[in-house]
Amino acid sequence: MMKRTGCCAFAALLLSLSIANADAHPHVWVTLHSEVLYSADGTMTGVRHAWTFDDMFSAYALQGIAHARKGQYTREELASLAEVNVTSLKEYDYFTYARADGKKLKFSDATDYWLEFKNAALTLHFTLPLKASATAKAMQIEIYDPTIFVDFEFAKDKPALLSGAPPQCLITADLPHQPTPAEQLRLSQLDNVPLEASSTYGEIFANKILVKCP
Amino acid sequence: MSRSRSLMLTAAAVILVIVAINPAWTQGTPFGAPHHDAGITPQSGLMAWVFAKQAAFYRSLSGFIRASKDDGTAIWGLFGISFLYGVFHAVGPGHGKAVISSYLVANEETWRRGVVLSFVSAGLQSVVAIVVVAIAAVLLGATAKAIGLTVRVVETVSYVLVILIGLRLLFVKGRGFLIACRELISRPSGEATASSSGEANTVHRHDHGHNATTTRCEHSHDGGDAHHVHGHRGHDHHCHDHGDHDHHASAWGHAHGPEPAELAGAGGWHRGLSTVIAVGLRPCSGAIIVLIFALAQDLFWTGTAATLIMGLGTAITVAAIATVAVSARTVASRIAKARSGFGMLLMRAIEVGAAGLIVAFGALLLGGYMASEQLWMFTG
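So the sequence lines, in the order shown, correspond to chains A and B.
Basically my numbering = 1-based index in the first sequence + 1463.
Basically my numbering = 1-based index in the second sequence + 67.
In isolation and in its complexed conformation, chain A is listed as follows (with noise of 0.2 Å):
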């Protein structure tokens, strides 16, 4: 009687904590261009970014930004707005994680940053300059939020490109691959173990550069 008690009570536990969990929806899809920038010397210097955003979050954002025709922004108008947004992602790293042969590298703040407005969609262009230029064997860069509510997804029409890089370096880009079993796992687990803000979970669905420079 006591183990069916026991086992009762332990039930009614797990179920209050199975339903605490993370808010961790994606409310945010980015359409993401990126390249790679290289100086004359070969080394590499930062990335060029040009993230497109989901008609709905598009109109979030542009929400209450005065513009002399309706429908219409120019990038003027949207000058302001491409600040706040540089500056508020800068607290997330600017979602862009890059190491040379394995070893993290750093980046300085967001420089040539600008928004256009087409087809209903917003595009924030942004330079993200390395703190110390790099060279490396295999560099890669990759693109993610690691609490899921941003979904970054590269652009289908070259998503990744080389800026002035030696001739015999090559670029892929990688979608985010077929989750694997576990990471399926953890993944249906998400809700009974949630993320810490910390976590780095959304590595899995990273978008990743590769550039290799035999």
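For the record, the hints were derived by calculation from the structure and aren't laboratory data.
Just so you know, even glycine gets a beta-carbon here, dropped at the ideal spot from N, CA and C.
A couple of the hints might just be wrong.
From chain A, some residues computed to sit far from chain B (all C-beta separations above 12 Å) [stated by the list, open to error]:
(1) 1600
(2) 1601
(3) 1632
Capping the alpha-carbon separation at 27 Å, the derived lysine-lysine pairs in DSS-like fashion look like this [to be verified]:
(4) A:1553 / B:212
(5) A:1581 / B:212
(6) A:1553 / A:1569
(7) B:404 / A:1581
(8) A:1594 / A:1675
(9) B:136 / A:1533
Derived DEER-like restraints, expressed as beta-carbon distance ranges [said to hold, decoys possible]:
(10) B:221 / A:1579: 29 to 39 Å
(11) B:245 / A:1546: 53 to 63 Å
(12) B:113 / A:1554: 32 to 42 Å
(13) B:137 / A:1673: 44 to 54 Å
(14) A:1579 / B:227: 36 to 46 Å
(15) B:241 / A:1543: 47 to 57 Å
(16) A:1600 / B:434: 33 to 43 Å
Using the hints, position chain B against chain A.
Structure of chain B alone, referenced to chain A:
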């Protein structure tokens, strides 16, 4: 036992039916482009599938809102998708049902009240989103940054209230647990009244609590309206516990549901109201984005209707989960009843645990340790 089991089955059936109906729904939509879910089927994890589905529903909302501008019939598609999004959204993450269910378990509420509280909190959540957007965006023309900030403030207030409610419950239930503990310790000595004439230590604590209770009860009768709702609910609890303590000779004052008078009384509803307000205060980011998107299409009223329908869907899921929580507790308490000593202690322990969970949720959410919907990621 059979009644609660049938309740559980019904709740499970409702969820299953909704889940079964929906693939047929989405296949017909032109916007149902699911994301990341090519390999995610119900077989490979129901939660993962729900996760992907609700994202797909959410994304299809914009298409339906646009379409309803020119096509009057598209609005029904929009309402249908809004409802499903609400249902699925609530199956997944969200602190609302966690807090409500824990509250129901800790407080030994009836499933009926659980259902009502679920609906009220989901309704309130929709209304808050609508009010925030109506005032900030429609009337004041505020920017996304200002709206994000507003949501942030409201959210913080909500989390603080959750913590306060949890602490309140923890205090009340912790006392109940100690009383049950003492009961159990004193029982082997063979004296039913040992608890009131036992060790000095315990008596002291007992008297202290007893006095405080009486004062507070009177207080609540005299100047109830001078107190905010939260305090009032707490007072009720003291009264309840006090009464319960008097019943202790029967060893199981708590086993039956709330007295009819207690259910009918105004104070009875006040108790749940503070929880509902705390939980419902926090608007869903998705609803805010949908509303502003609708506003940008000059379809604010359509967006408002869609938001309310989302709330209805959310309410159904939360109510189903709350029903399961209450049923589990009912079953546990019936079994525990057979062993009044340990059983009672166990029930008290569950209550304390549930109250502790509420505090933990509130603290984690407030501290930002639980990933939350961060509207300000891009907009400050």
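Numbers of unmet hints, in rising order: Violated hint (a single one): 7; every other hint is consistent with the structure.
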